[in-house]
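Novice: The residues making up each chain are set out below.
2 protein chains.
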Amino acid sequence: MRLLIVGFGTVGQGLAELLIEKKQQLHDIHKLDVTVVGIADMLKGSVYNDDGIDLATALEAAKANKPLGELPNAYDGDALSMIKAAKADMMVEATYTDIKTGKPATGHIRAALENGMHVTTTNKGPLALYYHELAQLAEAKGVKFLFEGTVMSGSPVLNLIRETLAGSDISEIKGILNGTTNYILSEMEEGNSYEDALKKAQELGYAEAVPDADVLGWDALAKVTILAAAGFGARVKPDDFPCKGITEITAEAIAEAKARGKRFKLIGKVWREGNQVKGSVAPEEIDMSHPLAGIMGATNALTFATDTLGDVTIVGAGAGRIETGYSALVDIIHAGGK
Amino acid sequence: MRLLIVGFGTVGQGLAELLIEKKQQLHDIHKLDVTVVGIADMLKGSVYNDDGIDLATALEAAKANKPLGELPNAYDGDALSMIKAAKADMMVEATYTDIKTGKPATGHIRAALENGMHVTTTNKGPLALYYHELAQLAEAKGVKFLFEGTVMSGSPVLNLIRETLAGSDISEIKGILNGTTNYILSEMEEGNSYEDALKKAQELGYAEAVPDADVLGWDALAKVTILAAAGFGARVKPDDFPCKGITEITAEAIAEAKARGKRFKLIGKVWREGNQVKGSVAPEEIDMSHPLAGIMGATNALTFATDTLGDVTIVGAGAGRIETGYSALVDIIHAGGK
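Chains H and W supply the protein sequences, listed in that same order.
When you line the first sequence up against my numbering, it's residues 1 to 338, in that order.
When you line the second sequence up against my numbering, it's residues 1001 to 1338, in that order.
Some clues are possibly wrong.
[To be verified] When the alpha-carbon atoms are kept at most 27 Å apart in a straight line, the in silico DSS-like pairs for lysine-lysine are as follows:
| no. | chain 1 | residue 1 | chain 2 | residue 2 |
| --- | --- | --- | --- | --- |
| 1 | H | LYS141 | W | LYS1031 |
| 2 | W | LYS1144 | H | LYS31 |
| 3 | W | LYS1141 | H | LYS31 |
| 4 | W | LYS1258 | H | LYS258 |
| 5 | H | LYS144 | W | LYS1144 |
| 6 | W | LYS1262 | H | LYS258 |
| 7 | H | LYS23 | H | LYS63 |
| 8 | H | LYS100 | H | LYS237 |
| 9 | H | LYS262 | W | LYS1262 |
| 10 | W | LYS1031 | H | LYS144 |
| 11 | W | LYS1258 | H | LYS262 |
Honestly, the hints are just simulated from the structure, not real lab data.
Nothing here was measured: the structure is a model prediction, and the numbers come from that model.
Just chain H, with the same shape it has in the complex (with noise of 0.2 Å):
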């Protein structure tokens, strides 16, 4: 499998850390063995060759800060020339995420599924606004468009629905899609502030300097469209669902919250109302008896209302280098392995 890696931040490296770390389980058990032909990032440069990059190098490089375009082979274009142009059979797409425009991921996507490549990506913007688009062109163009790592970063939700609740009728998917607000609610519940709590997640890396994005509940949004998208058929939008965050909720609505034996989550939702798919994120009161209640910190997690399972609830990782690098290896594994 030849392999091109647009984007080559957080995820992109830890992607590229574990090509390294388990090509011989790859080979030994997958039959898969991965080359990296191409990596394009917008700021720290590009390389590529046919026959294939030296990865350890680049990534040593993009850790030191070095720019690509000092390395053999540096590439000159930008990523979508790389893209129209490389003899490769899959691309991972980790640019950064904007969910407003999905630029420039969906460019970067749609020209790689043009050129026959298979597409993993880890960027909820192209999902959330163009997902039926760019699946109808992935099978017209007869390759697979995966995207696990863009809701519970590699945790296996996406495949969940595909393969292992195949057969089952899903009628509700609800959970826990942002670590962010649910570490600051955790952190409200000990009794800090809520400023207090957003400084704290900032200083942890958890939340950004303008921190809109998650504490106004459009992270989760993104990813309730995903679901809703993906895992119900439907053609929606973000802005068809109703999206509440949680920066009206008060360490005093928590403590009372606590007195009746009910928590704060941020929750996103999608469900089935006849032949409508409904969706929306909004502060829930959770009855601490729910497997949801007790998911405290950065952890995420969903839980799957299904007519042959009842409830099935998933608990795990929100984010991280190495986990959202990993959703792209079993996006991988999945198109190329055996």
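For chain H, the structure is supplied; the task is to place chain W on it using the hints.
Specialist: For chain W alone, kept in the frame of chain H given last:
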């Protein structure tokens, strides 16, 4: 796909219901048309027809406790002779579990594999005792040997290890594998004595009249052995692992643990220690912040410690007619669907 169902109790009947109810969905989504050619049951009698039997009629008879031998296509021989002579693509083995001998299920499975059929079983005995022999026979015959229903019913534990955690190193699998004992411990925390909680579990049909297999930990031990053999590739038998049940836990010990922020759970686990695979079943005090602590009642849960995703926990039903029947359906889709 031509299917043989051996054992037509709750699980076999649950599967039959799903095959009828989801016929169109299996055809549309998985390009799978299932024809049941035979049903063999030691108590209820047997039916067989090369062209397919009438599944709805057989299900109706079984539910009304009428012998299958009075239906059209009645079959006179025993299960083993039917398996050896049948023209079928796959056998569902759903006879009663004997953890000590694995009989009669192991003989049924061996015969079906020899006859070139895929096999799915919900029966823990053959797996805990003869996993490697049966897996090798299946490989030699070029057929699949599947058993999703043996651990956490239809909740996708074994599929998770095989497919969705592909590429991960799993260092430990640990959890609540027996719903009956978890129910009893939950009731004891509410202030009931062990005796009262057991009686209530028996009244609800969770516990049997002779509850030893549950309360002494043997059922969990069989599942631990299956996880060690099929998940970690270890050549082990149930007797290789220490096993302790819940019969010595007192209401006082539970109350004391609660005061310390802990909760008793009967924990089954397997883990790697160098090149060795270890396993055990024993009550443990779980910290209330761990996802396993919040699992109450008859629910099951397993936490996988991985190198790529940290901890991933799956929570779901531990038993049930439809749930376990569904596990066989997932395996059937896996073997014959698209």
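Novice: If you check each hint against the structure, which ones fail?
Specialist: Hints that this structure does not satisfy do not exist here, as all of them hold.
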